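Single-letter residue listing:
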Amino acid sequence: MTASVDQPRFGIDALLGDPGVRTIVCCGSGGVGKTTTAAAIALRGAERGRRVVVLTIDPARRLAQAMGLSELENEPRPVVDVDARAGGSLEAMMLDMKRTFDDLVIASADPERAASILANPFYKALSTSFSGTQEYMAMEKLGQLRAAAEAAGHLDLIVVDTPPSRSALDFLDAPRRLGSFLDGRLIRILAAPARLGGRAYLRFVQAGFGVFTNVLSKILGAQVLNEIQAFVASIDTLFGGFRERAERTYRMLQQPDTAFLVVAAPERDALREASYFAERLRAERMPLAGLVLNRVQTSALPALSSADAEAAADQLQRLGAAYRTTAGVLRVHAERVTTVERQRQLAARFTSAHPDVPVVRVPALPGDVHDLPALRRVGTALSGCATGAAPER
Amino acid sequence: MPATSADDARPDPDWEGVRLHVVTGKGGTGKTVVAGALALALASAGRRVLLIEVEGRQGIAQLFDTAPLPYEERRLAAAGGGEVFGLAVDAEEALMDYLEMFYNLRRAGSALRRLGAIDFATTIAPGMRDVLLTGKAKEAVRRRREGRLVYDAVVMDAPPTGRIAKFLNVNSEVAGLAKVGPIRHQADDVMAVVASPLTAVHLVTLLEPMPVQETCDGVAELQAAGLPVGGVFVNMVRAPLLRATDLRKAEKGRLDRAAIADGLAAAGLTGPGGALAQVAVDDAVDVLCAQASDHAVRVALEAAERATVMELDRPTYDLPWLPDGVDLGALYELAEALRAQGAA
Ligand SMILES: Nc1ncnc2c1ncn2[C@@H]1O[C@H](COP(=O)(O)OP(=O)(O)OP(=O)(O)O)[C@@H](O)[C@H]1O
Ligand SMILES: Nc1ncnc2c1ncn2[C@@H]1O[C@H](COP(=O)(O)OP(=O)(O)OP(=O)(O)O)[C@@H](O)[C@H]1O
Ligand SMILES: [Mg+2]
Ligand SMILES: [Mg+2]
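Chains A and B are the protein sequences, given in the same order. Mapping of the first sequence onto the numbering used here: residues 5 to 397, in sequence order. Mapping of the second sequence onto the numbering used here: residues 190 to 533, in sequence order.
The set of hints was computed from the structure by calculation and includes no laboratory data. Since the model is a prediction, treat every value here as computed from it, not as a measurement. C-beta: ideal position from N, C-alpha, C; glycine also. Hints are supplied without guarantee of correctness; some may be wrong.
[Stated by the list, open to error] Cβ pair distances, simulated, as ranges:
no. : chain 1 : residue 1 : chain 2 : residue 2 : range
1   : B       : PRO504    : A       : THR132    : 32 to 40 Å
2   : B       : GLY514    : A       : ASP85     : 41 to 49 Å
3   : B       : ARG334    : A       : ARG255    : 53 to 61 Å
[Said to hold, decoys possible] Quick list of in silico lysine to any residue cross-link-like pairs, SDA-like style, CA-CA up to 20 Å:
no. : chain 1 : residue 1 : chain 2 : residue 2
4   : A       : LYS222    : B       : ASP286
5   : A       : LYS102    : A       : ALA119
6   : A       : LYS128    : B       : LYS355
7   : A       : LYS222    : B       : TYR287
8   : B       : LYS438    : A       : ARG328
9   : B       : LYS438    : A       : ALA325
Generate coordinates for the entire structure from the input sequences, incorporating the hints supplied.
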């Protein structure tokens, strides 16, 4: 396989060394290593002199502990044990989705109204389980961090992790979905009685609103419908600009100072998602800085093919018990090289579809990545200087 | 199929009497694959099985290599005289059914749909969506034609472990929503099936820390909610490639290096013309030992995870890791493995 020869090389250090890059967003489908990659980039950036804040979402518990994130604070905290000799610094936070939403309500309504919204059961459903709330709040928090960084001038790079979801596209789409949901036609219809009143309202009823409430109250019951209407009326003015807000953050991501990375495991589903994501970014004119191929299997003995190793193992097996250990280690090698080869083919499919997207490979480390030394190793791999990884054949 | 002689040797299926098999597990562990294999396994011996999905992802169509499923039952495959049908349940469609069935309101329903009202209602009251989806499974389990059950079994490719108890426990989900009325009534009907011996909630896991942890949490949560826990399906199982003594030595870095070097020479790998002729023997042995050590570490971790699974004290079934992925042929193989272990 020579697919990787022409592929542009990619190293995270070029991004980290460019002061014009102020936001790095790590996207990708579920479980591929987005949080790990974001943390590793942030740490490397800080140790190379950038003043970094990393926004993580649901980090694994041990990684959170290693970064000093033992509790949800919803505000950045300095990470200790970072090598600050190059003049950089690292702050980390994990997103508290509900609290970010609550804060938004509190900031935009008078105390009494805010309290009544926060206590509403439909608000609770929306703020905890609407698919898209987490993405919206991640964007919201990113917007806040950018604003704070610009105001205070103490940060020059924001690294963003994205929520676990099946599709990498959710991060781009979900905020709009929530925005148009809250700002949509239906909400306006439900809120209409409160807003219109009098004759306008009567005309509206004749226009079909009656059918609508009639059906909804059949399904939900009249009392529930009343509660929903009350909720909608109370958030209506508050979130009138919700969609607008989402659009603003979205446009921010289209600025040249934002770099996207898509993370994928060397598996079919994850690479397919990465492919969709690359196409989408191109369509949106958003800059895709590269593909991080994470947890790549390697072998330091590429000269011995899987078939040769398997054949030798069979031969030794026949020669007798003295060679059982060698036969065993050869079978281990054969399995490993098969995996290496399969992953290489899957990656080659991505690169032939997206020849202009640079790729960097991060080897599968022997254990989980849950401390700063392991994050540094991932960071080194992200820089393109392979450590411990086999040279490409 | 001349399956009778093999059938004689088979243990009795573990889930006699269960008609709704709910398959959950951590994301990506193989829920869709296991649900498909289980449906095929249940269908052999001439039974009719319905395989349903509820997350709008068309995973079943992909697995069975057919066109996307409409909201309508379609025949997917034959298996030993039986048949597997597929259905992709959609909450909106289920609600339209419902409006039509009870209120003769399909046209109003269409208008509501255009307005986004249905999406709205199922969003703002997430419990409602779940009642509609589980309601469809319940209906299929109970459905009769000319007095006879239409399906001998229904298999659901369900949401992941983190959401499963909430998803099935619709009664408590709609409690805040409706104390009386049609939704409440529907929820009660669903509970009468899913919280009864007619149902088994199976969990798919890998022998890795996070999936096993989720499985343990899931079992506890299901039990707390009074939902019937079924079996644990251990997916992507790989056999150790070294014998036990070598595994122990490999883990400690104490494999017999001289013996390995001898073996490589005996197989003609290190000699002139051998694949490793250009590599220093010591280096080759180093790499092989390091790889063997990685392998041994993984095997040990898997053994520890398996011990945790065994502590759950549920029937377990192993599905082998298939290096070439899962196509339809492989799915039949997995189904056979499940039958041989008594899962169906
Ligand atoms: N290169 C690597 N080598 C070994 N383990 C890794 C590597 N990258 C990630 N991991 C491990 O894989 C697991 C998943 O990684 P991570 O949490 O970063 O994924 P994610 O994409 O953020 O997942 P989610 O979608 O659930 O948020 C973690 O346990 C992490 O330690
Ligand atoms: N026994 C197996 N051997 C090899 N590959 C497998 C095996 N079981 C599943 N897979 C593969 O693993 C991937 C995930 O499987 P599947 O889609 O069934 O998981 P899932 O739990 O349904 O995922 P999701 O949470 O996304 O719905 C698929 O690509 C599938 O082909
Ligand atoms: Mg994550
Ligand atoms: Mg699935």
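Outcome of range test on Cβ distance (PRO504 (chain B), THR132 (chain A); 32 to 40 Å): holds, 35 Å
Is the straight-line distance between the alpha-carbon of LYS102 (chain A) and that of ALA119 (chain A) 20 Å or less? holds, 14 Å
Is the hinted pair LYS222 (chain A) and ASP286 (chain B) satisfied, with a Cα-Cα distance of at most 20 Å? It holds: about 14 Å lies between the C-alpha atoms, which stays within 20 Å.
Is it true that the CA of LYS128 (chain A) sits at most 20 Å from the CA of LYS355 (chain B)? Holds. LYS128 (chain A) to LYS355 (chain B) sits at ~16 Å (cutoff 20 Å).
Tell me if the straight-line CA distance from LYS438 (chain B) to ARG328 (chain A) falls inside 20 Å. Cα-Cα ~13 Å, so holds.
Checking one constraint from the list: CA of LYS438 (chain B) to CA of ALA325 (chain A), max 20 Å. Satisfied? holds, 17 Å
Between GLY514 (chain B) and ASP85 (chain A), does the C-beta distance stay in 41 to 49 Å? Given a distance of about 42 Å, which is inside 41 to 49 Å, the answer is holds.
Status of the given 53 to 61 Å range, CB of ARG255 (chain A) versus CB of ARG334 (chain B): holds, 57 Å
LYS222 (chain A) and TYR287 (chain B) were given as a pair; does the straight-line alpha-carbon distance stay at or below 20 Å? Roughly 11 Å separates the two Cα atoms, so the pair holds.
Checked against the numbered hints above, the structure breaks none of them.
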